[in-house]
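Residue-level listing of the chains:
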Amino acid sequence: MPKLIAGSVRVDRYQRRALVTGVVAAAAFVALAAAPYVLDPAVTSSWIKLFYLITLATMWNLLAGYAGMVSVGQQAYIGLGAYGLFVFNDMGFDPYSSALIASVAVGVIALPLSFIAFRLRGGYFAIGTWVIAEAVRQIVIRFDNLGAGRGRSISNYTADPVFRNMFTYWLALGILALALVVTFYLLRSRMGIALQSIRDNEVAARALGINVSRTKRIVFVIAAMGAALAGSVICIQAIGVASPNQIFSVSYSAFMIFMVLIGGIGTIEGPILGAVIYFVMDLYFSQLGLWYLVVLGLLAILVTLFLPKGIWGAIHERFNISLFPVGHRIVPVADKFLPQSSAQPTVKEKRPNGRFRR
Amino acid sequence: MSAPAETANSLLEVNSVAKSYGALHILTEINFAVPAGEAVGIVGPNGAGKSTLLSVINGTERATAGSVIFDRRDVTKLGPEVRAHAGMGRTFQIPRPFTHLTVFENALSGASYGAGLHGKAADEQALYALELSGMMDLANTPAGRLPLLARKRLELARALATRPRLLLLDEIAGGLTEAECDSLVETISGLHASGITIIWIEHVVKALLAVVDRLVCLASGTLIADGKPDLVMSSTEVRRVYLGSGI
Ligand SMILES: Nc1ncnc2c1ncn2[C@@H]1O[C@H](COP(=O)(O)OP(=O)(O)OP(=O)(O)O)[C@@H](O)[C@H]1O
Ligand SMILES: [Mg+2]
Chain A
1 MPKLIAGSVR
11 VDRYQRRALV
21 TGVVAAAAFV
31 ALAAAPYVLD
41 PAVTSSWIKL
51 FYLITLATMW
61 NLLAGYAGMV
71 SVGQQAYIGL
81 GAYGLFVFND
91 MGFDPYSSAL
101 IASVAVGVIA
111 LPLSFIAFRL
121 RGGYFAIGTW
131 VIAEAVRQIV
141 IRFDNLGAGR
151 GRSISNYTAD
161 PVFRNMFTYW
171 LALGILALAL
181 VVTFYLLRSR
191 MGIALQSIRD
201 NEVAARALGI
211 NVSRTKRIVF
221 VIAAMGAALA
231 GSVICIQAIG
241 VASPNQIFSV
251 SYSAFMIFMV
261 LIGGIGTIEG
271 PILGAVIYFV
281 MDLYFSQLGL
291 WYLVVLGLLA
301 ILVTLFLPKG
311 IWGAIHERFN
321 ISLFPVGHRI
331 VPVADKFLPQ
341 SSAQPTVKEK
351 RPNGRFRR
Chain B
1 MSAPAETANS
11 LLEVNSVAKS
21 YGALHILTEI
31 NFAVPAGEAV
41 GIVGPNGAGK
51 STLLSVINGT
61 ERATAGSVIF
71 DRRDVTKLGP
81 EVRAHAGMGR
91 TFQIPRPFTH
101 LTVFENALSG
111 ASYGAGLHGK
121 AADEQALYAL
131 ELSGMMDLAN
141 TPAGRLPLLA
151 RKRLELARAL
161 ATRPRLLLLD
171 EIAGGLTEAE
181 CDSLVETISG
191 LHASGITIIW
201 IEHVVKALLA
211 VVDRLVCLAS
221 GTLIADGKPD
231 LVMSSTEVRR
241 VYLGSGI
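Which chain is which? The protein sequence lines are A and B, in order. Going by full-length UniProt numbering, the first residue of the first sequence is number 1, and it counts up by one from there. Going by full-length UniProt numbering, the first residue of the second sequence is number 1, and it counts up by one from there.
FYI, nobody ran anything at the bench for these hints, they're computed from the structure. For clarity, every value in this text was computed on a predicted model and none was experimentally measured. Some hints could be false.
Stated by the list, open to error - Reference listing, derived: stretches of chain A covered by chain B, where coverage requires no fewer than 3 residues with Cβ under 8 Å from a Cβ of chain B:
#1 189-198
#2 201-212
#3 319-331
Glycine residues also receive a C-beta, built at the ideal position from the N, C-alpha and C atoms.
Okay, chain B solo, but in the shape it has when bound (with noise of 0.2 Å):
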């Protein structure tokens, strides 16, 4: 089911990836190519690698082997600062926020580098980014001191400080309440329909399916189904690596 890496019109390819610590192999042949304005869902069970894949696309992480090629330039060497210029903003599963600045100047830190903004522009950006996570009230409130839902809020509206064309998410919803999570899907539905693309990891699978125009499910460093979500869903591939893991 998994389908060849497309060359034309992708704002991002990933070619024949693998990665490895060691002898540990935690990637292995992954292909894969998202069009420009399409937001893909990635699901599988823990420890599949999903984290890992992020990681290797937006240079956390260097492949092993294979590419990455970002708006057909191949970016498989370079590291996580000039993919973040080139248009990729990632959120991280566990938050890393900077604990002694402020919601305001996290923010602040993706739009002065990652979208290379200065002065009044780059506030304006960062700004613009805790309006659209719904973060203005802890503007001045120092990331330390943030509970984890709003660490993880805060991963998104630095994200979206860099201004990315690519967007990588990294399970922002899980532990939310009914209507913050409907609140997240429509921020989320609102930024795709503004032309982002989307690269969205998800253990909630009613959000994900909410926003995606097409569901990827990875198990033991593999994809195992790519395509759209509903077949994705109910495939027995799918199904299988599934039973057990409560969904």
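Extracted from the complex, chain A is given alone in its bound form (with noise of 0.2 Å):
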């Protein structure tokens, strides 16, 4: 094998696969938008949870698994989405418009939120981002004309069930896509080194010169809105919250962490994978009753002992794949000047103790 020099060899970012995920992806996205023509609409809105359940699965794992920000608080964001979809709703606009609004503002309420959360370190972050979604909670029921403490309903929201059901299925369509597209994208930038960096050592990434803070800064506010679009979309289902207690409810921190556990954390494909289970499980268990969360702890307990990296860990690791590469790999460019050698395309690893060479 040639030696390599850094003038022979390229950076390979695995663009054609990922024009095939982009592709593929967009193909999937038209055909699911599509579907509400076609299949029954009493089908297609049963999708609906699960295109909110993998928004929240990605951003919860955006925030821990790239981020190392362990959070059992998103369920702020999801109600202050709902909440804040009243507030917009109320001053006129509709229900789909006010979700994006909601979220904008929750982006907004999340930035100083993440000053106060940002003090505590590991298990405290985790107690405080709970004890944070309490707080908002409690703030949020003291307004009369949100409910207060008895939840309520969307005032003005489309009447006909068949083109509610539709638009909302949209709506949560479109939040979904655009939680992978960001994530995605993310993930490729060159802030996808840096959240990368963060999430396998800290202390590391600071003395490489990133700048930690802003980074999971940026990560926090990203997920909140995303949370927030989640929120919205289950409101706007319902028409309303039954309850604060519910849409404020930390069983939606317990779900987001099984699912990414499941699915494999700090991987894009494992939070698909995961709310994928979790929805199809909930499809068909979930009149068990109270078996039905012991199944999903015993599922829980499985996976982690003996897949510690979940499904799709377990899968990428034994195949090498990835649906979304967000890679480098250097391969070396063919040099006319030099006799072609048999070479594999690639770099190899090669006996571990290399000697030190200039």
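Now that you have both chains on their own, put them together as the hints suggest.
Structure below.
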């Protein structure tokens, strides 16, 4: 194998594979967007839940899996998304625009909250986010026009149930697509290297010049906005919130953690897979009542014991495939002045104790 | 024997630096200055506080007292990322690789952020660092799969990728074969010759003496010797702390 020198190699970003992913994802998006015209709207509107579950899992993974912030307080932003929707809806915006405006507003609120949360580390951070979520709920229920502690319904919504379901479906699908595109783009961008470095070793990341708290703050705000969008979808689907306790429930965090850990933390594919698994189990087993929770718990225990990197993590390790390539690969550039060698197209791992060379 | 901190032409000044963890005093009253372009070796027994001193210099740890001046700028209260941007690159004695990233991506992290480069320029800087540290053949290997020695070499590659003006090395020669050690010495000498200021902690004194202009000895958190390498190695204080530690 020829010695590689800096001039004779190039950096490959798996552009072709990324393009394939983009094309397939775009086709899937179009097919899903057209689905309500073809299938029974009752079927498609049952997918709304799947869409917001994937959105929630993807956002929690960005937060915990990449930026190392294990939050159990994302329900703060789910709830604020729902309640923000009431606020803008009451001002006269339709529910769908209200969802988008509310998410921006939640981003604005999340920024100062991050300064409080970031004073805490590790387990304290997790508890701190939960406390913040409780505090937010306590504040929200002080407002009579938001239904106080009783919950409330959306004032102006699409009356026709068929159209309402379709609009909600498209909103949920659009939000899901946005969450995935943002995540994929972020991880392929320059900031992706920073995020993955932080995930792997924060001390080294800082010593190499990465502004860890700024990077985390950006992710914290994005994740809050994503949770808010999911929250408003939940709210629109039910034409309101049954009670603040429900929309600010910590069980959302439990499900997010479940989906991400089952699927595979720190990968883009894992949370999607985890959300699908949870959605299917919820669809078929939730009538088992208490036993359903036991099954969920058992599954979580089994996966953490035998597949510590989650299902996608195990698949990735075994077959080395990734549907959303974010990495870099060094490939030699064919040099016409050197005799063509039969070297493999990629640099292979060599014996571990290679020498220092100039 | 400890020289007073010079002010003119120093790239780095460490003034009355102390570091303690609660009641545990690790460093007390450390004073020294490093002129631009100099290569300084640090020796001292285990637990003397050498790595802690490096951490206080690059900001991984905050000094409890005293100040750190880099390029005439007081960086004492600045975070390590700011000092990296200012031109400090360090290696960790216990390697801290980004395990899920490839060797190239580890270096790219330093090139993109420490050196502040974008796009192709960052790629090239990272490749250059791999070439310099002899890691090009491992470029596509996930860092988590590297054995210890390669992880240490990755520390060097990553620090070089940040395009440092001051390179802080913490025990990078331990465990190498004679030939590997010679090759490493040649690399560090090359960096020194190119004008990079170097502070190198090393137990392999032979490697150190082949490169450095000056030697500092740290024992129990204070500098007990500072000066020409042969003078420091033969001084009675240094011999005393090393008695029984096998050198
Ligand atoms: N975070 C910490 N909390 C408490 N004590 C610490 C901490 N970090 C280091 N120490 C102590 O500080 C002392 C100096 O440690 P340091 O790693 O700087 O020594 P060193 O000179 O680099 O030793 P070695 O040659 O073994 O690498 C040791 O006694 C160590 O146990
Ligand atoms: Mg040490």
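Hint check:
Note: the stretch 189-198 of chain A has 5 residues with beta-carbon separation from chain B under 8 Å; the three-residue rule is met and the coverage holds. Three residues within the 8 Å Cβ limit are the bar, and the stretch 201-212 of chain A against chain B gives 11, so the coverage statement holds. Requiring three or more residues with a Cβ within less than 8 Å of a Cβ of chain B, the coverage given for the stretch 319-331 of chain A holds, as 4 such residues are present.
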